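Engineer: Use the sequences and the hints to build the structure in full.
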Amino acid sequence: MLFAFPFVWLVTTTFKGDEEIFSERLNWVPRIPWYAKSSPYVDQRAYNPIQRPHKVSREMWERLEPALRVALWRRAVELAPEAGIVLLAEAREQVTRGLWEQVRATLSAEALSGNPQQVARATAQAIDADMLSTVWAHIYKRVMLGTLRVLDEANKNILEEKVEWKARHGRLAPNETKLSGEEGLLLTYADFSGGEALTTYLPDLTEARVERLALSFHDDESWRHVHLLLITPTGAYRSKHPFIMGNGSWQDVTWTFRPPRDRRSLEITLVRAKVTSQPTSHQWVLIVTISPTSPLRAAFDKFARNYREAIRYVPFWTFARNSMVLVVLNIAGQLFACSLVAYAFARLSWPGRDVIFVVLLSTMMLPPQVTMVPVFLIVRKLHWYNTLTPLWLPSFFGSAFFIFLLRQFLMTIPRDLEDAAKIDGCSYFGLYWRIMLPLIRPALAAVAIFQFLGSWNDFMGPLIYINDLRLTPLSLGLFQFQQEHAAEWGMLMAGSLLMTLPAIAIFFVAQKYFIQGITLTGIKA
Amino acid sequence: MLSTRALCVIVPSVLLLRGLAAADEPIELVIWGVWNREGWRKCFDEFERRHPNIRLITSATGGRMDEQKLMCGIAGGAPPDCINQDRFSVGGWAARGAFLPLDKFIERDRGRPDAVRPEDFYKACWQEVVYEGRVYAIPINTDDRALYYNEDLLRQAGYVDADGNVVPPRTWEELKEYAVRLTERDANGKIIRIGFIPNYGNSWLYLYAWQNGGEFMSPDGKRCTLDAPENVAALQYVTDVYDALGGAEEVNGFAASFQTGELDPFLIGKVAMVINGNWHLEAIARYKPDLHFGVVPAPVPEGRKPITWSGGFSWAIPRGARHVEEAWEFIRFMNSLEAARIDSAAEQAYARSWGRTYVPWMYANRRLNEMAFAEFAPKSGRLNRYLRLFIDLMPHSRFRPVTPVGQLLWDEHVRAMDAAIYHKQTPQDALATGARNVQRQLDLLAQARSGRPLNRRAVAGVALLGAVALLVYAGWFFKRRWPVGAMRQEARAGIAFASPWLTGFVIFTGGPVVASLVLSFCRYDVLHPPVFIGVENYRTLLFDDPLFWKSLGNTWFMVLGVPIGMAIGLGVAMLLNSAVRGLTIYRTIYYMPAIVPTVASSILWMWVLNPQHGLINRGLAALGIAGPNWLTSAEWAKPSLILMGLWGVGQGMIIWLAGLKGIPETYYEAAAIDGASAVRRFTSITLPMLTPYIFFSTIMGIIGTFQIFNQAYIMTQGGPVDSTLFLVYYLFNNGFRYFKMGYASALAWVLFWIILILTLIQLKLAPRWVHYEQ
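From first to last, the protein sequence lines are chains A and B.
First residue of the first sequence? That's 12 in this note's numbering, and the numbers climb one at a time after it.
First residue of the second sequence? That's -14 in this note's numbering, and the numbers climb one at a time after it.
Hints were generated in silico from the structure; no laboratory data involved.
All figures in this text were calculated on a predicted structure; none of them were measured in a lab.
Just so it is clear, CB atoms sit at the ideal spot from N, CA and C, and this is done for glycine as well.
Among the hints, erroneous ones may be present.
What the hints assert, rightly or not - Short, incomplete list of chain B residues facing chain A, as computed with Cβ under 8 Å:
(1) Ala45
(2) Cys57
(3) Asn422
(4) Glu475
(5) Thr488
(6) Pro497
(7) Val498
(8) Ile580
(9) Ala585
(10) Leu589
(11) Met674
(12) Ala729
(13) Trp734
(14) Val735
Structural biologist: Have a look at this one:
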């Protein structure tokens, strides 16, 4: 089972958010998002349960823990006004845990010994308003609206005044909680059937060549979708895809009229929309809708996030298409060339056959590195550099290993059939095409699978011959992606898994032939 | 056959048609090394707006760490049209003939209002792109270094004048004294704050050596003067400061806990003074705008003038670029005042959108820099004052020598510095060793320019002769063996059917093998004709190249994985063989890792082996064991790769399963009747019966190990400290990174012989232990 561990780790990591990935604990099961019917809410899972530190004895801890809990909460209540927080009773457990996590690391063994009451009090005293703010910001999930900026081509803000938002159902109010540096309106809402809509009216901006709208936005990690509908005097636009509230922090949500220049951009494109209601003249109307969600939908969105991002950042489909092209051409080439050549070696007698067969076998011993350099020079001379050609054309000349495999298989087929056909006046090509090919299908299947894996995995070939992202196959593409996003493990794992899936699928479908191929030749793929 | 006249008509019309088609389609200008910079994005947009016929295809490829891509692109005849390169490396590229000289464009544009004028640039920036009198790139940005100090800490320590102003150190002696005095220790004597670390931040020996009047290369660039007396004295000073602080070991132990970003040790007061670049202002503006800090030119030896040094990036046009004119157009635009204004405005807006104060970077072009300072820098306060100071220091800036051995010089200077501050060598010895290594490479390069190019005609003649001889032999062979009668047809069909492989063999194997052999006796960098140098490559490789031996040793270490893998594979296979139920499922699970593409499994294992958050170290931590740093530690990198390899033993397992199935059950029954124990049955029946499989797996395993490349390339890039530099990786680096094609070919042949000899030895030994059933 040890073998399955890394693989399971791969799969579960793809479903995790950064917080889970970099948490201190080893967690196998990705978290299912907390489903809150209304917002703001207290995230009851933000902090892990309080655990006994190694430096404290069990007996001591039994007395210390209750005292600590009381002292920490009391300290929180005491500090709340200073931190600008309205504490909620339901958050007690989480606040206690969070504060403990904040101070835990700074405590020495001496600080944790002695009278439990005193220790607890001293520990609580070490907490300041900043720590409480940090903890509160982490557990109190809320939607907040910051400033809206309307930017022109030169990235200049062309809307100087502050905009007024109206909420259709919920309540939009200045935030009572004054966390450090936080400015904005707090949205209180519950799951309605139609979703929560916020509206604002802007002056006509048509003249000013608006390029994008950036809204600083604090999401509540409820995995609801945020859509934008924009009605201008000249027409209506909607966001091409939603913004999904999955971060629980401040960010700039940017909608743009122009498709972003590069794929790394996080901007959401606006597309033309049809609306029935006619816009009020000379005003821009901005409608931000938070659509309702269900626990299932939220879980799906959370689990799919890494995949979505991987597909967007990687240009996954471009890479996959290149890989597919290579796989198909390579398989076609190998099947055609190898079966033909193998037939010549197995069934036809021609002068020099045996000598050449020995040469063929010995080329299998030759490390490919020996020919790597001259082949590169040939490719360069033929102007095939930075094209897919050098990665598939050689297949049409066959490869020694597959020829050997097919020849071994052909040797096991009785000659009677052939002889009968020969008497009927069948040509050699006819013999090969009509009689032999159908008979060696299982071996051809093995060849196809080996070649599939070979081309799908090939890394050094593209590394040497391809320098254009548009021609890059998945193997090299994933590597380059890894180079650029070294720390985004969730996304990297999703990309890796996506690349692995076709290989595994093929393996499951054709396992029989695969194992047959290995045992027939005894050679590893 | 087409007549010549027809050709005369067809060719021009085809060309014309293509020309017409090209006029409609926009030119795709490929630009590499592009950073994710908001300001640049705006500049590119503007450039495209002004040139509707040009479309920019930008990518981050080919940056500093990606030399191989650029080199392959140039050698393969499909380089980008323009690339952003570290100026420091421009000399090396120019020496290889990889970049186009730009003088003719500069000359041609003279007088245009937007011309690129050498006199506009800071001297240190411009001279860094000039190699042997020609300009190979146009500088973009620059930086320089000065001493940052924490005012509060200096005030606390009493470094104030009569008016209560903080007095920073001015000389080396003062710096050392301040450093010691500002260092604080806890009750146990552990450092909790340090005054100053000579090589923390960004100074390196370069700064101290230049301050002391030292040089690293002779003016003609032929001699390395790393061990000049001034440099030795500078290194002595650096060592002294470390010693005064308690030794490099203790100081660097403390420094190992330093973080970046908002926890930068200077920002949080863990370091009182640091020599760093102007970019540090940006970090201060971003994370701690209220920090009380000051900047002064870095302290100098008594009686010397302040000095600093600069680096930065530049635009270059690779040789073989398809759209040279457009690329130059692009470079000229990026160097214009308007582009700088667009760039700065967008960057400023971007910084503001995050609520940060914008501190512009420094342009290498003085005019652009003054514009950016006047229009976009903070108008007052410390950030304004000190950015001005950095700009005013630029005329006193030095730059790293422009030489093809720049990288080596850098590496050697770092190594020498380490050796000296850790007292492994005296500063004199350490620098002398470094100088020797650099000098040897320099001499080699000087030699490389001499030599007679391989006579192409002679080579072609010999090749032709060989081919003719082969053909004659083949003709004779076939004539003698060619069958008569009905067999004739079959022989013809046979050759026809085998012809794909025969052709492929000649083109992709036979020909290249011969070519590779010839190349291994040449020096060949693709850009220049090959030069015949006899056995020089082999001699260097065997006697003069420690890296070759290191890579061989590394590869040999990996062979350890072969028997371990076989044992595990066999063990698993035996377990599966006895448990009949669910065989397919288990087999699939074990086999799966072998299916996972190398890139994916490498990335997965980088995550599994991540020192802080990886599966293995988390698991170990749960057991109370502190796991090693795996891939980032020189000792553990190879075992990590072996471990990862073991995950894939499922592949071999299928062969073992087949072998086990082939052992007749009757043998075991007979043994059981004789009362043989399970161990006995294993050693006396299973193992001997499996010897052919063991033999086969060993041979294949060793061959496979000697070709290990992908994992090392993806996961460790040969590092740390060359600990995963394997033979094929070294070969690849030589061939496709340094483009020493001849040397790479020699390496390939050595690899071939090693594999061949190992295989032959095993074949020879086989009869002694491999048991074949009759």
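Engineer: Does each hint hold? Answer for all of them.
Structural biologist: Going down the list of hints, with the structure as the test:
1. Ala45: holds (7 Å)
2. Cys57: holds (6 Å)
3. Asn422: Hint violated; B/Asn422 Cβ to chain A Cβ min 27 Å, cut 8 Å.
4. Glu475: Status holds, d = 5 Å.
5. Thr488: holds (6 Å)
6. Pro497: OK, holds: B/Pro497 within 8 Å of chain A, min 4 Å.
7. Val498: With Cβ-Cβ at 6 Å, under 8 Å, it holds.
8. Ile580: For B/Ile580, the interface hint holds, since the closest Cβ of chain A sits about 5 Å away, which is under 8 Å.
9. Ala585: Since chain A brings a Cβ to about 4 Å from B/Ala585, closer than 8 Å, the hint holds.
10. Leu589: Holds - the Cβ of B/Leu589 comes within 8 Å of chain A, reaching about 5 Å at its closest.
11. Met674: violated (15 Å)
12. Ala729: Since chain A brings a Cβ to about 5 Å from B/Ala729, closer than 8 Å, the hint holds.
13. Trp734: holds (7 Å)
14. Val735: Violated: closest Cβ of chain A sits about 10 Å from B/Val735, beyond 8 Å.
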